[in-house]
Amino acid sequence: MKRSTVRLLAPVVALAVVGVSCGDDDDAPDESARGRITEVQAGDSILDAVIEADSLRCGVRADLPGFSATNEAGEHEGFDADFCRVIAAAVLGDATKVEFVDVETAARFTALQAGEIDVLSRNTTWTASRDGTEGATFLHPTFYDGQAMMVAADTFTSIDEMDGAVVCVAGGTTTEGNAAAEFERRGLTVEVSSFESVDLLQEAFLAGSCDGWSSDYSQLNSLRANYPEGSEALVIFDDIFSKEPLAPAVIDGDTAWAQAVNWAILSTIQAEEYGLTSDNVDEGLTHDDPNIVQFLGGENVDGTVLDTGIGLPPDFAYQVISQVGNYGEIFEANLAPLGLERGVNALWTDGGLQYAPPYR
Amino acid sequence: MTAHATPAAPSPTPRDQRGHAAVPPWRDVRNLAWLFQFAVVLGAIALVAWLWGNYQDRSAASNIPSSFSFLNQPADFPISGSDFRRTQPVRAAIVEGLFNTLRLVVAGVILATVVGTLVGIARLSKNFLVNKAAQVYVEFIRNIPLFALLVLMYSAVVLRVLPDPRPGRGGSWEWGPVAVLNTRGIGVLWFEGGNLRFVLVVAVFAVVGAVTARLRRRRSDATGAPARTGLWGGVAGLAAAAAVWALLGLGISAPELSGLRTTGGIVMTPPYAAALAALVIYTSSHIAEIVRGSILAVPRGQGEAANAVALSSFQRMWFVVLPQALRVGVPAIGNQYLNLAKNSSLAAAIAFPELTQIVGLSVANRSPAVPAFALLLLIYLVISLVLSALVNLANRRLAIVER
Amino acid sequence: MDPVTGDLTALAPAEPPRPATSGAGDWVRRNLFRSVGDGIVTVVAAVVIGYVLFRLGRYVFVTGRWEIVRRNLGLFMYGRYPRDELWRIVVALCAISAYGGVFAGHLDRRRADAGITGPRLTPAARARDLLSRFWPLLLGVLVLLLLAGTATPWFVALAVVGAGVAGRLGGGLLGKRWLLPLLGVGVASLVAVMALLLDAAGWDRWGGLMITILLAVAGIVLCFPLGVLLALGRRAGREVNSIGGGIVVAAVVAAIPIVLLVLTGTDPSRPLTWILLGLAVAGGTGGFFVGKRSSLPLVRVLSVVYIEFFRGVPLYVLLFLSYLGLGFFLPRGFDTPGIVVRAVVVFTLFTAAYLAEIVRGGLQSLPRGQTEAAQALGLGPIRTNALIVLPQALRNVIPSIVGQFISLFKDTTLAGAVMGILELLRTSDVANAQADFAGAGLFAETIPFVMFVFWVGCITMSRESQRLERKLGVGTR
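Protein chains in written order, with numbering that gives the first Met the number 0: chain A, 0 to 359; chain B, 0 to 402; chain C, 0 to 476.
These aren't lab readings, by the way, just hints derived from the structure by calculation.
Wrong hints could be hidden among the right ones.
Claimed, not checked - Lysine-lysine pairs mimicking DSBU-like chemistry, simulated, CA-CA at most 35 Å apart:
1. K291(C) / K470(C)
2. K131(B) / K470(C)
3. K125(B) / K470(C)
4. K96(A) / K242(A)
Computed from a predicted structure; not experimentally measured.
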C-alpha cells in the first residue's frame, strides 16, 4: 500500500514543482534584503537606496599600488579607494561607511549593471563606447592619464625603432587595442603579449621577456619609481598613445545619483581651489569669503543655507574635506609616493585640467 | 465427528491474460514508472526553459546579443606567437587557440607519460636514495594545487632560470645549432617544410619500423636467431624516413639569435614552457602513483618466473611486467590524460594564448559572455569525449582476453 | 656422500652459515650499493639531492625574504575579517576542536564498549604514534606560529589543543546512545559558529585560509544530495534491453535541440544551426544507447548527461561562466548573488558529478544480495536505499570522497584567479601589490608559502584517509 502511495506522490510532487517553476515573469522590481533597487524606475534612485542602507558599495581593485590595494589589515588604500570614501562622506556623512567590493576587470561593468555595486572607482577609462554599450555614465575624471610605452634604458630610443618588437600589455583593457592600433598607424609590426594579472606582466618585463610594456603612464611610473635597479634603468617614451581619462562611473539612467556623486568628487577640486585642507577646514566655516562659507554649508549673511537640490546634505563638502581631504591631499597621500607629478592633473590655475564648476 | 461445513472457496483473484493479478492502471507499477520519468523530464525541461527565458529577458534588457553572431565579428585583439591579424574574425582566433591547446596537450601527454613511468619505476627501486627521492617528489607534488605550481613555474622558475637577452644583462644561452635559450623563448632545432609533411615522415618511420620488426620476429621464431626487432625496426624506419625526408625536400632549421629575436627553428615561449613544465610535473606525479600501483598489481610470480628463465632486469620489466601492468593501469592513466586536457585551460592565467585565453580576450572585447563560454564548454566537452573514447578503445584492445 | 661407498669424509667441510647481520654497514650495502651500477646511481643521486637540499635550506633560512609573509600573515589566514573581531575566529576554532574531540572520544568509547581494544600503548609510544601521524600538521602550525612573531597565537594554539583534549576526555563518557544527539549538536553548533562568524563580517570579507576552507567544505557538503541522487539515477530501473525504450529516449533527447532550431530559425550560415544539429544527432544516438538498457531510461539519460557534461569540462571555464553569466540566468529584479555564492554554486554542481561517479562505484561494489534481502523483507525502494544500500556504499567509498574533497580544496585557487575571491593564492597576488613590496619579485617567497600551507592540509587529510581505509577494512570484507 505504502509503495504505491509513494509512487503516486512522486509524480504529483514533480508536477507541482513544474507548475511552480513555470511562474510568470513579474516585471515589478524586487527589493533584496538590503533594500537595494536593482532596476531604476521613475522615482527610485540609488541615492535613496544608499541612504537607506547607510552604506556605499564601491567597486575597486585589490591589487593596484597607489590606486587601490589591500594593506596588511585588510583595508583598501589608494587614490580610487579614497574617492570612494569621498562619496560616502558626502552622501552619508561618514567616510568609513564604504563597503569595498573587489571586481575583476572582466566584470566591472556587469557588476554596475547588475546593481552589485553603486559606483565604480577602478581606474577605468572614459570612452564613448563605454558610455554607450556598457550602460555606464562616467563622471568627472579624477585622473587624466595617458597610455605610454616603457622600455629598458639602452634598448630603443623611440617607438619607430620597435618594429617587430614584443610588447606586453594587461589584457581586457583599452591598452591592448590602443597599442596594436598605434603600431599599425606607424606602419610597424608588433607582437602583443596579453597578461591577465599585472604582477605576472611585471615579472615578465623585469626578466626581459618583453621589449616594451605599454600601459597607463601612472602604472609605468610607479613601477619605475620602485625598480630595484633604479629608475634610470627604465625609460618611458614621451609619446602618449592615447588619452586615458580615469573617471568613476555609475549606472545609466539615474541622474540624481550621478549628479550627487559628481558633485562629491568636484567638491574636492573646489576645496583645493579655495585652499581648504583637512586641517584648516574648520576655519573655513567662519571665513570672510561668503562663497567658502556657503560651499561648506554654513549660513549665509541672511541666515539661509544653500540647498542646491542635488540631494546631498548642505554640509557635504565639509564632511568630505574634514574626513578625507581635498584633491591635492588625496593625490599627495596616494600617488606622490609612486613618483607621480601633478602634471595635467594640477588645478586649472596651475595650468592643469582640474576645474570645478562653481558651487552656487 | 462433526462434519465441518466446508467454507465457501474465496472468489479467485481476477487475472489478466498473462496470469498476473489484475491491477487498476493507476496503481500499475509500470505505468507509474513511466509517469514518474515523464514528470522528472518535464521538470528538467521546465527548469531549463525558465533559465533560458531569464537569459533572453536579461539580454534583451541590457542590449547584449544572445546569439553566436559574435563569431563573425573582427577579433580586435592580436595573438602573440602567430600570424593572426586583428581584423580576422573571432572564429579564426578560436581555431588558433585550439591549435595551441592541442600543442600543449599532446606534448604534455607524451612527456608526462614518460616522466611518470620513470618516476613510478623509481618508486619501486631497491636503491634507498632513489626510492625516497621519488617518494618525496610524488608526495609533495600531489598535494599542492596545480595553479600555484603553474604560477611558480612561470614567475619564479622559467623567468628566473632563463637568461635575459638584453645587452648588459647576460645575453642568451646558445647551445650550438641545437637550441637558443632566453626569456623571450626557447628556440629548438626543428624541421622546415610544413607540419603535414613532417607527420608523413613520422608515419613512414612508424610503418616501416613496425613491418620490419614483424618480419624480424617471424624470422627469429622460425630460425631461433635473436630477433633484435628494436634495432632492425629502428634502423629500417630511420632509413625510410630519411629517404622520404630527402624526397619531400624537408630541411632542418636551426635557431639563430639575431639581435634580441630568435629566428628559425621552433620557439617555445616562456608561458608555453612554464605551462608544459607545470602540467607535466603535476600529471606525472599522478601517473607515477598509478604505474607503481599497477606494477604492484602484477603477481609476483611473473617476475620470479622471468628471473627463473634468466631474463635481464630490463627484459623482465619490458617484456613481462610492464605489459601486464599497462592493462591494469590504462583506464586510470587515461583519466589523467583527460585531466591534463582540462587543466590546460589554466595556462590562460600566464598569458599562453590557448583556447580559454582567446575566448576570455574576445569576451573582454565585447563578445557576449554566455554564448562565448557556452561554445568554449562545448569544445572542451568534445575534446574530452574524443579522448575518453580513445582511452576506452585502448582499454578494450589491451584488456586481458580470458578463456 | 660418495654414492658407492657412502663415505662422507670426501666432502668439503661445510661452511658455517653466514650470520644474519643487520648492522648499518649491511644496510648500506643492501640498499645503496647493490652493484657497481647501483653504487654510481647512489653517488650521483646523493650529490644531486645534497645540492637541492642545500639550496632549499639556504633559501628557507638565509636568503629568503620572508618579511612579506610575516607582515601579511593575517591576510593569509583570515583575509579582510575585521581585526577587532578576531576573538570570534578563536571561539570558532575552539568550538570545532572541542566537538571533534568529543566525537573522537565517543567513537573510542563505542569501540571499547564493543570489545574492540587496540594495543595498549605507553604514553611515550602513544606520543610517538601521534607524532608520526601528524608531523606535517605540527610542522605547519609551528611554521605559522614562528612567522607570527607575537605571543598571542601561541596561546590561541594552546587553547585550541586544550579544547580538543577536554572534548576527547568528555566524549569518552558518552555511551552508544549518544550518537544521534551528538550529530544533532554537531549540526547546531556548525550553524551557531557560522552565525557567530558572519555576525561581524559577511563572507565576502572573509579571506585567506578561512575562505578556502569555507568554499571547500560548502562545496562537498552541499553536493551530497545531488551527487547521491545522480548516482542512484544513473542506475535507476531494472536492467532490460528494450529497443522501444531506446527509441523513445532518443526521440525525446533529440527533440529538444530540434525544437530550439525551429524556434530560432534554420539559417545555414549561422554557427548556431550546425551546433544544434550536431547536438540533436549526438544526443539522439547517445540517448538511444543509454536508454535501451534500463526500465527507467529517461532518468538514466538525465543523470548521464549531467555527469558527463560536468566531468568533461574544465572547472576554470565553468567558474568564468558563473562569474560573468550567472546573473543572466536569474529573473530580473533578483540581486546577482555575491562572488562567494557564485563560486559555491559552481563547486557544488561540479563536485556533484564527480561524487556521483564515486558513489556509483560504491553502489556497484555492493553485492546484489543486499538489495534482494531488503526486498524480501518488504522494504520499498526508498527504504532499501536509505537504510541498507547507501550506508554501506558510502562507507566503502569514504577514502575516495576524502580524495575528492582534497581535490576541491586545491581547486579553490581557481576561484581566486577568476572571481577575485581573496583565497590563499590570490592573497599572494594582493600582498605583492602592496606599496612596500611591489616590484620586488617576492613571488618566490609568497607562492612557496601558499604551496606549503596547501601541502600541510592535503597530506594530513590524505594520510588520515588512508589510515581510515585500512581501519575500516575497505576492500577486505
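Do the hints match the structure? See the list:
Proposed proximity of K291(C) and K470(C) is contradicted: the alpha carbons are some 41 Å apart, above 35 Å. Restraint check for K131(B) and K470(C): satisfied, since their Cα atoms lie roughly 26 Å apart, inside the 35 Å limit. With a CA separation close to 28 Å, the supplied pair K125(B) and K470(C) stays within the 35 Å bound. For the suggested pair K96(A) and K242(A), the alpha carbons sit about 33 Å apart, so the restraint of at most 35 Å is met.
Hint 1 from the earlier list is the only one contradicted by this structure; the remaining hints agree with it.
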